[in-house]
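S.K.: Residue strings, one per chain:
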Amino acid sequence: MNVLEILRLLAPEFILLITGFAVIGVDLARRRQDEGKTAATVAVMGLLLAALASVWLYLGHPGEIVLFTMAIDVYGLFFKTAAFIGVALVIIASVNFMAGRSKYLGEFYALLVFAALAISVVVSASNLILIYIGIEFLSITSYILAGFLRGDKRSEEAAIKYFLYGASAGAILLFGLSILYGVTGTTDLATIGDLLLRSRSAHWLGLVALMMALAGIGYKASLVPFHQWAPDTYDGAPTPVSAFLSTASKAAGFAVLGRVILTAFPQLQPDWTQILGAIAVLTMFLGNLTALKQKSVKRMLAYSSIGQAGYILLGLVAVNQSGNFGGMNGLMIYLFGYIFTNVGAFLLLLAIEQKSGGSTDISQFKGLATRSPALALIMAMFMLSLAGVPPTVGFLGKFYVFAAVMNQQMLVLGALAAVNTIIAAFYYLNVIRHMYFSESEVEGGVMASRGLMTVLVVNAVMVLAIGIFAQFFMTWVNNSVSMIIANGF
Amino acid sequence: MDLLRSSVLSLIVFLPVVGSIIVALMPKEKEDLIKKFAIWWSLIPLLLTIWVAIDYAMNFMHGNQMAYQVKLAWIPSIGVNYHVGADGLSVPLLFLTALLTTLGLYYSARVIRKRVKEFFLLFLLLSTGMFGVFVSLDLILFYVFWEIGLVPMYFLIGIWGNPKDRPQYAAIKFFLYTLAGSIFMLLAMIGVYLSTGTFDILQAAQTGVWTNAPMFATLSFWAFFIAFAIKVPSFPFHTWLPDAHTAAPTAGSVILAGVLLKLGAYGILRVLLSLFPGQFAQFGWIVAALGVIGIVYGAFVSLAQTDLKRLIAYSSVSHMGYIMLGIGAVAVALNMKGTEGAAESAAMAFNGASLQMFMHGIITGALFFLVGVVYERAHTRDLKVFGGLSAVVPVYYATMMFAGFASLGLPGLAGFWAEFFTFRGAFGIVPWLAVIGVIGIVITAAYILYRIIQSLFLGEYDPKRWTHWTTVFGEHADGPTDMALFEKVTLWPLVILMIILGLWPTPLLMYFNEAATNILSNLHF
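In order, the protein sequence lines correspond to chains A and B.
For the first sequence, the numbering used here assigns the number 1 to the initial residue and increments by one for each residue that follows.
For the second sequence, the numbering used here assigns the number 1 to the initial residue and increments by one for each residue that follows.
Hint data in this document are derived by calculation from the structure and do not stem from the laboratory.
Note that CB positions come from ideal geometry on N, CA and C, so glycine has one too.
Be aware that a few hints might be false.
Chain B side only, calculated, beta carbon under 7 Å to chain A, not exhaustive [what the hints assert, rightly or not]: (1) S77; (2) L187; (3) I441.
The calculated EDC-like cross-link candidates involving lysine to aspartate or glutamate, where the alpha carbons are at most 16 Å apart (straight line), are [stated by the list, open to error]: (4) K117/B / E29/B; (5) K366/A / D271/A; (6) K164/B / E439/A; (7) K114/B / D361/A; (8) K117/B / E31/B.
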């Protein structure tokens, strides 16, 4: 493999690397003039370019391993494209919000670009070392982002909690990966899969390694019981960062989890099906039941995002060889739609926070439908999508995940997921109830900056469009998943 | 003509969406324009459904297949299609939906005063969901329309509900009850696909669902049944209904009772009967028994009400019980193949249940409008404060008499035929249940006559008992005023239908009998 070929296959990563430094440079030059607008523009351009590069690579049906560590395949490229778009949306929406809150705007956007780079690396990583490095890279950028509002106690708490939890999880992950290396003598996922398949005696050690890896990766995806950092961090972090952490970063966690489990541990499927099934049920119930009681919408979304992780995980629990309801395609379409829905829902809070001076209490939403009908309508669509009401994308994701569960004849799991859907509908509809049914407690409309409004409209349109033009997106998803299923599983 | 035939169902379903988008683009201050537009726009689907009814009667009778079928790929990789079609069962229900939508919009134009634009937008959207369910021949499409109808109704109850009746509680209860049923139905629908490889209702019915796995078949049957029974609502899943009905604005109650409840019964006949005939035959007696419990229990609870609207809401529980009894009898009859008279009784019960769907739609629709008439003037629905109104508001009295007598099944009015056919059919199949059910008819007569007619209209009118009268337009009045022109225009078409169909049910029966023959013969009956 020559240098040019490597450059081509790693184009998204290189684009992001250059963009990240360019953002810092541009910011140094123009900081005083425009409150970070140029820096944000550069960052968004870079991200969109990287997304285009990913699509371009995707269309070439790649399947190469670059430098023995990165699998440039359709599976990874799918997640890259989705994550880049998600981060770009976050940046566009946060320009106005961040301008008044922090002096270090260039660094903020640059860190988001670097976080996207970390996601890009980690979703392609096919090697234990790179997986660890990628996750740590993503974590470190995330810690800083979560604590970006210096002087805001809650932001600082968010960062320190995330950091302490992430550091421990990282250590456990590393321990698990070292066991895996000790058993097999290699760091390559596919080879590990082969070796574990052949050696029966490695079963128990493999299981221990799997559990540890699960703790290390599962915390990124906020799976119970590795979720304790998530509510406070999502709640306390600056809202754009919460939007990022609960979507793109979470998607990366699921991407790694899927690749590791399906490539390195296919022979342990009977074991991890049960473990992951139990985790999924716990995650759904804990997230949804706790979200019921929240008064602050941001905190409600934090718990809801834990609950959503439970549904998403069902796709991996029910993974199987059938083309249509193979589980992984459900996980991926769910995540893809979830990125638009949840980024939208969190970012809409920016407008509410601007108006209320930081509070996202449910009372701020009262009567929003009469004060700002457009925002209320958009929020209602996000809530209905999260609740899984057709024809939104939330329904499409739930449909595919549930279908996979049914396909594996996991009836109890399906029933528990259905019960959770009903519980969750209550608190999502509660937001709608306050927006549409209650009298306003606050005077005056809620203003959204132009960038934010654009992002919200794009997200709302996508929420409907993916649900209605489902075949187009499902073809893409099915292609992306075919290889990882066929190869390792 | 062929172009119209292939697109007419889609036009009926999606024109209201187009209408609501146009309403959304209108400025909120132009209330008159919005109202006029919505009413006129809703006439297009109404005319189309009338055309469909005529065209179907002239060209598609005895065709033994779905008419106006359109099948377009939606998610081809899993065989989800936009597959619509209509038969004798759906054609009259489409007309009923369009009629009640237009009347509801027309009536609301006078009485809805807050957030006018949103109301008319949502009302149009609501009709899309209902039309969609009645024409869907694909399970996923069916589910999508089923849920689409849920959301606007949730808003109608929550926003325009009467603040005294806890509308927010009623709205969320309505939504969660329906969702609780439908989410399990979705799982069962996926099961149908896994078993048959298709989401198409007609194809799946031909293949047979879970024929080799009786346990899955039974589970799927109950998942579907509970979803539909909640919507109907059948005892013991009926508790959302009195709250939702009482809280909803008048036109919302009309649509809720007139059409939304029918979605459940329609689902049972269209989906459950054709996909799970074996299980249905086995458990049909439970369905019939629940129907009978609903009839008697609903009637007794009605008798105990002092709130006029709540009374009529419970009377719906009772009247929907007839439908469940009829359908349950049809199902039980499936096990009696060959027995003398079973086929005839099954067809009778089928006709009775579907007639009751239509008749209950116009009768209870009219009754809820009539509640609106008195409530807009007195601002109370407490039956204890009225009395002797017959002399003061004779037109209202006469209209209520027609609707009330139709509701209690007086021969010559619409309700009679539905009850007659249902009980005639049920007697031949589940005689004991039918006998118990007849008690309901007696109690129905009691609550209509004693509760409604007597406490509203008979006796001496005493002006001091209730003094807070206004006109229907909100101006002060010294006493009750009679029905205004717009109320007459709203109600009289329904009354005329009650009389015509009471004297001459044949045209309506023609459609339903066609459906009964087709559906039962597809079950090799």
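S.K.: Are K117/B and E29/B close enough, with their CA atoms no more than 16 Å apart?
M.R.: holds, 8 Å
S.K.: Given the hint that K164/B pairs with E439/A, does the C-alpha gap stay at or below 16 Å?
M.R.: Satisfied, since the Cα-Cα distance of roughly 15 Å is no more than 16 Å.
S.K.: Given S77/B as an interface hint, is the shortest Cβ-Cβ distance to chain A below 7 Å?
M.R.: holds, 6 Å
S.K.: Under the criterion that the straight-line Cα-Cα distance not exceed 16 Å, is the pair K366/A, D271/A satisfied?
M.R.: Violated, at roughly 48 Å.
S.K.: Using 7 Å as the Cβ threshold, decide whether L187/B counts as touching chain A.
M.R.: Since chain A brings a Cβ to about 5 Å from L187/B, closer than 7 Å, the hint holds.
S.K.: K117/B and E31/B were given as a pair; does the straight-line alpha-carbon distance stay at or below 16 Å?
M.R.: holds, 7 Å
S.K.: Is the straight-line distance between the alpha-carbon of K114/B and that of D361/A 16 Å or less?
M.R.: Distance of about 27 Å is beyond 16 Å: violated.
S.K.: Close enough to count: is the Cβ of I441/B nearer than 7 Å to one in chain A?
M.R.: With Cβ-Cβ at 37 Å, over 7 Å, it is violated.
The earlier numbered hints that this structure contradicts are 3, 5 and 7.
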